[in-house]
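No gaps in the numbering here: position 30 of the sequence shown is 78 in my numbering, and each next residue is one more.
Quick caveat, the hints were computed from the structure, so don't treat them as lab data. The beta carbon of each residue, even a glycine, is placed where N, CA and C say it ideally should be. It is possible that some hints are incorrect.
[Claimed, not checked] Pairs of lysine-lysine, DSS-like flavour, derived with a Cα cap of 27 Å:
id, residue 1, residue 2
1, Lys293, Lys277
2, Lys290, Lys277
3, Lys230, Lys200
4, Lys189, Lys253
5, Lys133, Lys189
6, Lys50, Lys378
[To be verified] Here are the simulated distance ranges between beta carbons:
id, residue 1, residue 2, range
7, Arg85, Asn61, 51 to 57 Å
8, Glu197, Ile53, 41 to 47 Å
9, Gly322, Asp159, 45 to 51 Å
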Amino acid sequence: MKTKIERFKEIFNQIRNVKVGLYGDFCLDAYWVLDPRGSEISLETGLQAQAVQKQNYSLGGASNVAANIAALNPKELKVFGIYGKDVFGKEMISQLNDINANTEGLVLQKDEFETYTFSKRILDGKEQSRIDFGTYNIRSKKSDDKVIENIKNSLNELDVFVINQQVPGSITNTEFIDELNKIIANNPEKAFILDSRHFAGKFKKVSYKVNNHEALYLVNEENEILNEKDELQKIGEHLFKKTNKPVFITRGENGIIAVDQNGVYETPGIKLSGQLDIVGAGDTVFGAIACAIGAKCSTQETIELANLAAAVTVQKLFQTGTANEEEILKLLTTVKTQS
Numbered sequence: 049m050k051t052k053i054e055r056f057k058e059i060f061n062q063i064r065n066v067k068v069g070l071y072g073d074f075c076l077d078a079y080w081v082l083d084p085r086g087s088e089i090s091l092e093t094g095l096q097a098q099a100v101q102k103q104n105y106s107l108g109g110a111s112n113v114a115a116n117i118a119a120l121n122p123k124e125l126k127v128f129g130i131y132g133k134d135v136f137g138k139e140m141i142s143q144l145n146d147i148n149a150n151t152e153g154l155v156l157q158k159d160e161f162e163t164y165t166f167s168k169r170i171l172d173g174k175e176q177s178r179i180d181f182g183t184y185n186i187r188s189k190k191s192d193d194k195v196i197e198n199i200k201n202s203l204n205e206l207d208v209f210v211i212n213q214q215v216p217g218s219i220t221n222t223e224f225i226d227e228l229n230k231i232i233a234n235n236p237e238k239a240f241i242l243d244s245r246h247f248a249g250k251f252k253k254v255s256y257k258v259n260n261h262e263a264l265y266l267v268n269e270e271n272e273i274l275n276e277k278d279e280l281q282k283i284g285e286h287l288f289k290k291t292n293k294p295v296f297i298t299r300g301e302n303g304i305i306a307v308d309q310n311g312v313y314e315t316p317g318i319k320l321s322g323q324l325d326i327v328g329a330g331d332t333v334f335g336a337i338a339c340a341i342g343a344k345c346s347t348q349e350t351i352e353l354a355n356l357a358a359a360v361t362v363q364k365l366f367q368t369g370t371a372n373e374e375e376i377l378k379l380l381t382t383v384k385t386q387s
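Construct the complete structure from the given sequences, taking the supplied hints into account.
Written as structure tokens, this is what we have:
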């Protein structure tokens, strides 16, 4: 009988043959470290200008999901979405290319669309009010139609397709969701996985990946904290009956619950010491689930891989980190679960 380490090494080998498609809200995170001395006083306005001491940029939103998928080394990752004609879009595309994502499915919208960028100003080590770009974007029907066309042209060659929606109001034409639902309905043998903060209830016949808040909201429209395992299992069973597709519910430090046609599965939280940073952990879980499903892993193996990957990234402070094979296998040798 194979050891856990041996089986996970097999899984990573299987992932190397997987082709993943990802649609989502592709974003860039900007970090501007301000100099407390400021800059000159503007002659035109009389106002004190701020001085940026250091700047750096990283992938955010669906771009961070892409980074997490790429870290697991699938055979191919194709991304689909919209970006703007601006410097942030150029930087985002460059960084996506750096992780070997195929960006040919991204659509440039020149008007009424700014690349989603979340600019975090840091002063004396503390984050100031954020500056957001793209909050009130209006996606054109032409752009949406092109994204749908790109997805249709690539779908046959993909093993799994994931949909990631994070930005409020990012889908401005509801017909776009209707078209995605048609694609899903016309490809019943293809695995489609959804992680959507604001439109989850509008998608049909998908595998849900939700946290405990989102799971409850999908069932009764009351968004409150819920982490009781038995209740979450019931919700997972309800959602599975709705779509007849596997459901994955994350429970933060308490692990992950999943439901499929064979029953309920659980992997408990992993005991970790020291300071933790949970930002981006959901993206890590989603990326790992996508790769595992594409590799035809069992539901139990899928949530175990996702749980381990998230435990790696939450230990990476002040960044939306990723988890690779080496890091996951190293953690697996020392893992202790929550009691």
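(message) Run the distance test for lysine 230 versus lysine 200: straight-line Cα separation, threshold 27 Å.
(response) 11 Å, holds
(message) Check the hint pairing lysine 50 with lysine 378 against an upper bound of 27 Å on the C-alpha distance.
(response) 17 Å, holds
(request) Please test the hint of 45 to 51 Å on the beta carbon pair from glycine 322 and aspartate 159. (result) Taking Cβ atoms as reference, glycine 322 and aspartate 159 lie about 48 Å apart, which means the hint holds.
(message) Given the hint of 41 to 47 Å, is the C-beta distance from glutamate 197 to isoleucine 53 inside that range or not?
(response) 44 Å, holds
(message) Does lysine 189 sit within 27 Å of lysine 133, going by the straight-line distance between their CA atoms?
(response) Holds: lysine 133 and lysine 189 sit about 17 Å apart, inside 27 Å.
(message) Does lysine 277 sit within 27 Å of lysine 290, going by the straight-line distance between their CA atoms?
(response) 20 Å, holds
(request) Below or equal to 27 Å on CA atoms is what counts here, so check lysine 293 against lysine 277. (result) Holds, at about 20 Å.
(message) Please check whether arginine 85 and asparagine 61 have a Cβ separation lying inside 51 to 57 Å.
(response) 54 Å, holds
(request) Mind checking the alpha carbons of lysine 189 and lysine 253 for me, to see if they're no more than 27 Å apart? (result) Given that 27 Å is the threshold and the Cα spacing comes to 24 Å, the pair holds.
Of the numbered hints stated above, none is contradicted by the structure.
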